[in-house]
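K.L.:
Quick mapping for you: the protein sequence lines, in order, are chains A and B.
Residue numbers for the first sequence follow the numbering used here, so the first one is 1 and each next one is one higher.
Residue numbers for the second sequence follow the numbering used here, so the first one is 347 and each next one is one higher.
No lab work stands behind these hints: they were computed from the structure.
Small disclaimer: the values here were computed from a predicted structure and weren't measured.
The beta-carbon is built from N, C-alpha and C at its ideal position, and this holds for glycine as well.
There's no promise every hint is true.
As the list claims (entries may be wrong) - Residues from chain B shown here face chain A by an in silico Cβ test under 8 Å; the list is partial:
{"#": "1", "residue": "CYS497"}
{"#": "2", "residue": "ALA522"}
{"#": "3", "residue": "GLY527"}
{"#": "4", "residue": "PRO571"}
{"#": "5", "residue": "VAL572"}
{"#": "6", "residue": "PHE691"}
Unchecked claim - Have a look at the derived ranges for each label pair, beta carbon to beta carbon:
{"#": "7", "chain 1": "B", "residue 1": "PRO545", "chain 2": "A", "residue 2": "VAL310", "range": "35 to 41 Å"}
{"#": "8", "chain 1": "A", "residue 1": "GLY82", "chain 2": "B", "residue 2": "GLY450", "range": "53 to 59 Å"}
{"#": "9", "chain 1": "A", "residue 1": "SER197", "chain 2": "B", "residue 2": "GLY450", "range": "47 to 53 Å"}
{"#": "10", "chain 1": "B", "residue 1": "PRO545", "chain 2": "A", "residue 2": "SER197", "range": "48 to 54 Å"}
{"#": "11", "chain 1": "B", "residue 1": "ARG576", "chain 2": "A", "residue 2": "GLY82", "range": "22 to 28 Å"}
{"#": "12", "chain 1": "B", "residue 1": "LEU449", "chain 2": "A", "residue 2": "GLY215", "range": "37 to 43 Å"}
Protein chains: 2
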Amino acid sequence: MSNIESVTMAHLGIDAGGTSTRAVVVTEAGECIGLGRSGSGNPISSGPTVAAASVRAATAEALAAADLPGSAVGTTAIAMAGGSAEDRVEASGTGVRSALLPLGVARTPTIEKDLLALYCSGSFEPDGYAMVSGTGAAAVRVADGDVVAICDGLGWLLGDDGSGFWVGREVVRAVAAALDGRGPRTALTGLLLSGLSLPEPGTTWARDHDGALPGLVAHVYDLPPVALARFAPLAFEAARADGRDGSDEVAAEIVDRAGHLLARTLSAVVTPEVPGPVVLGGSVLAHQPAVRDVLSAHLLEVGHPGALVVVPDGLAGAAVIALRRAGVVVDASVFARITTSLARFR
Amino acid sequence: MSNIESVTMAHLGIDAGGTSTRAVVVTEAGECIGLGRSGSGNPISSGPTVAAASVRAATAEALAAADLPGSAVGTTAIAMAGGSAEDRVEASGTGVRSALLPLGVARTPTIEKDLLALYCSGSFEPDGYAMVSGTGAAAVRVADGDVVAICDGLGWLLGDDGSGFWVGREVVRAVAAALDGRGPRTALTGLLLSGLSLPEPGTTWARDHDGALPGLVAHVYDLPPVALARFAPLAFEAARADGRDGSDEVAAEIVDRAGHLLARTLSAVVTPEVPGPVVLGGSVLAHQPAVRDVLSAHLLEVGHPGALVVVPDGLAGAAVIALRRAGVVVDASVFARITTSLARFR
Chain A
1 MSNIESVTMA
11 HLGIDAGGTS
21 TRAVVVTEAG
31 ECIGLGRSGS
41 GNPISSGPTV
51 AAASVRAATA
61 EALAAADLPG
71 SAVGTTAIAM
81 AGGSAEDRVE
91 ASGTGVRSAL
101 LPLGVARTPT
111 IEKDLLALYC
121 SGSFEPDGYA
131 MVSGTGAAAV
141 RVADGDVVAI
151 CDGLGWLLGD
161 DGSGFWVGRE
171 VVRAVAAALD
181 GRGPRTALTG
191 LLLSGLSLPE
201 PGTTWARDHD
211 GALPGLVAHV
221 YDLPPVALAR
231 FAPLAFEAAR
241 ADGRDGSDEV
251 AAEIVDRAGH
261 LLARTLSAVV
271 TPEVPGPVVL
281 GGSVLAHQPA
291 VRDVLSAHLL
301 EVGHPGALVV
311 VPDGLAGAAV
321 IALRRAGVVV
331 DASVFARITT
341 SLARFR
Chain B
347 MSNIESVTMA
357 HLGIDAGGTS
367 TRAVVVTEAG
377 ECIGLGRSGS
387 GNPISSGPTV
397 AAASVRAATA
407 EALAAADLPG
417 SAVGTTAIAM
427 AGGSAEDRVE
437 ASGTGVRSAL
447 LPLGVARTPT
457 IEKDLLALYC
467 SGSFEPDGYA
477 MVSGTGAAAV
487 RVADGDVVAI
497 CDGLGWLLGD
507 DGSGFWVGRE
517 VVRAVAAALD
527 GRGPRTALTG
537 LLLSGLSLPE
547 PGTTWARDHD
557 GALPGLVAHV
567 YDLPPVALAR
577 FAPLAFEAAR
587 ADGRDGSDEV
597 AAEIVDRAGH
607 LLARTLSAVV
617 TPEVPGPVVL
627 GGSVLAHQPA
637 VRDVLSAHLL
647 EVGHPGALVV
657 VPDGLAGAAV
667 IALRRAGVVV
677 DASVFARITT
687 SLARFR
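Chain A with its partners taken away, still in its complex shape (with noise of 0.2 Å):
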């Protein structure tokens, strides 16, 4: 690549999400240009019809925003969960890659594993672990730029420990038992049945089968087992101590193994040879402090080096990575300019 061509060229990261996908503009010089948001971006949890609609219209606002036409992109790299699914989808194509042709995106977006994209969100070094718990829960291990090893990510019927789903069926299961008569009284059934507006349950709370149970029941099982993720925010507020009743036992507990789930599944890809640093995404270990102690706690035991780092999410590493596919080397000064840059747009 010659040097005219690595100045003017611009490059297109992209972290298609479950929830959201977002897409950045990058310059050669590591300057975020232009972002764009839009919908699920995950062949598997949404389907590739509207997977590839996210994708298409978070970059042609990210393009809008840079004002650079389709055919000015060089390198894209889509990062995504279950990239063998958006190889199946392509074959066909109607994957997200072909989403961006309209566009004029001439040259094929590679898929990167949505783990890298987490890790490189937080550290331009070689060699490093990522960790997420959002919906779901897996850590990796990356050595030299690439995934080398990876635990966890198995869904919520398999694996996810101590992840949101996880926290959240354990919220509800807690709130069950309690009204069952079976589990001891929680916080977590006031503010469970507040949050859903099923009547609380009064003097005759336990063994409710008359009074709360039954509208529990019925919500519960209306919804996609992967939605009691929603409820764990839930363990994270009764188990606070600065509550009004201050910490919630039975909340307090599900939190602390949680954390420590999530320090077995890391400690499962950590290993003495390599001693990077260790970013943490997801939405449980982003906003929750105590669950991030008991992460810290535990390096500290095994006697871990690394830092602790957490990303909002992979659009920082999947422009890093869109970077390095085009032969761009992303050192410390082009990593900072891409997450100031970044910034900005948040």
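Given the coordinates of chain A, work out where chain B should sit on it, guided by the hints.
P.N.:
For chain B alone, coordinates are given in the frame of chain A:
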């Protein structure tokens, strides 16, 4: 009811389960004179059309075996889970009750709680307890021949602590964790993978994301969640100390936790004022002495003097209830006649 009617009339007990339906024709003396069997009779798990057809088929077979027309049937008691669903279906004339009209059964059947029928399969006493752990799990207290308290039975997502689903889910999660390098090695891995005809992991068994794990993931997410109950027997097999390799620690812990969870559920309905027998049913409690041992130990601890009685299903109990609803007093000798005559059909 005149004496002449009461000696000539036959009654019908039906146990409409999620997997199979059984119907028995019983005389007022307690003699079971005809048995019929068919498929799922539960309108929730199999839909109202299948449930109605199953109940009709089992009843037709029982009447034919007894050589009686439907018009000879006095009272019919149908035991099933989720009677309120049946009420909604029956309102439009397509429930299991209407299904018996074409057979000439004129009197409207009563819908009875499945756990009351289970209890009455094991005891003719008016007061006591019943607990089931099959695919699901629940416990009830019976007083004056009726269910007065219930615990759990909240389904796989919210409850069913210690059920076959609960155990089966623990099995697949333990195997996933072992293959993933998060959890300890367990004999469950070989049992599960060979049972599913998946390749057993070799030397690379840990962190086996390119080996056995993808096959396990594909298989498990292809099943309806409750079908995980089919893997429960693997835990009981691996936990037995007389196996080739001795008791597997991971499996033994799963079985032990299941027992303790069931004990907790039973405790929620046990009260010193009701010292009656504890009737147990469902595949986990019927076939797994290790789980029953945990329950027995727990009942001893809390000073409950009632005997544990294991029954195969709620069929004898449905016959008991049908007789009672017809005004027949089911005492020790009638009860013994029901169970003895029924045993001859099995």
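K.L.:
Now look at each hint and say whether the structure bears it out.
P.N.:
How the hints compare with the structure:
1. Contact between CYS497(B) and chain A, as hinted, is supported at the beta carbon level, the nearest pair being about 5 Å apart and thus within 8 Å.
2. With 8 Å as the threshold, the beta carbon of ALA522(B) comes within range of chain A, its nearest partner Cβ sitting at about 4 Å, so the hint holds.
3. Taking 8 Å as the C-beta cut-off, the interface hint given for GLY527(B) holds, the closest approach to chain A being about 4 Å.
4. For PRO571(B), the suggested interface contact is upheld, since its CB lies about 6 Å from the closest CB of chain A, less than 8 Å.
5. With a cut of 8 Å, the hint placing VAL572(B) at the interface with chain A is violated, because the nearest CB-to-CB distance is about 11 Å.
6. The closest approach between the C-beta of PHE691(B) and any C-beta of chain A is roughly 35 Å, which is over the 8 Å cut-off, so the hint fails.
7. Distance hint for PRO545(B) and VAL310(A): a CB-CB separation of about 39 Å, consistent with the stated range 35 to 41 Å.
8. Between GLY82(A) and GLY450(B) the CB atoms are about 57 Å apart, so this pair conforms to the stated range of 53 to 59 Å.
9. Taking 47 to 53 Å as the suggested C-beta distance range, the pair SER197(A) and GLY450(B) conforms, at roughly 49 Å.
10. Checked against the given bound of 48 to 54 Å, the beta carbons of PRO545(B) and SER197(A), roughly 50 Å apart, stay inside it.
11. A hinted range of 22 to 28 Å for the beta carbons of ARG576(B) and GLY82(A) is consistent with their spacing of about 27 Å.
12. At roughly 38 Å, the beta carbons of LEU449(B) and GLY215(A) sit within the given window of 37 to 43 Å.
Consistency with the previously given hints fails for numbers 5, 6, ordered from lowest to highest.
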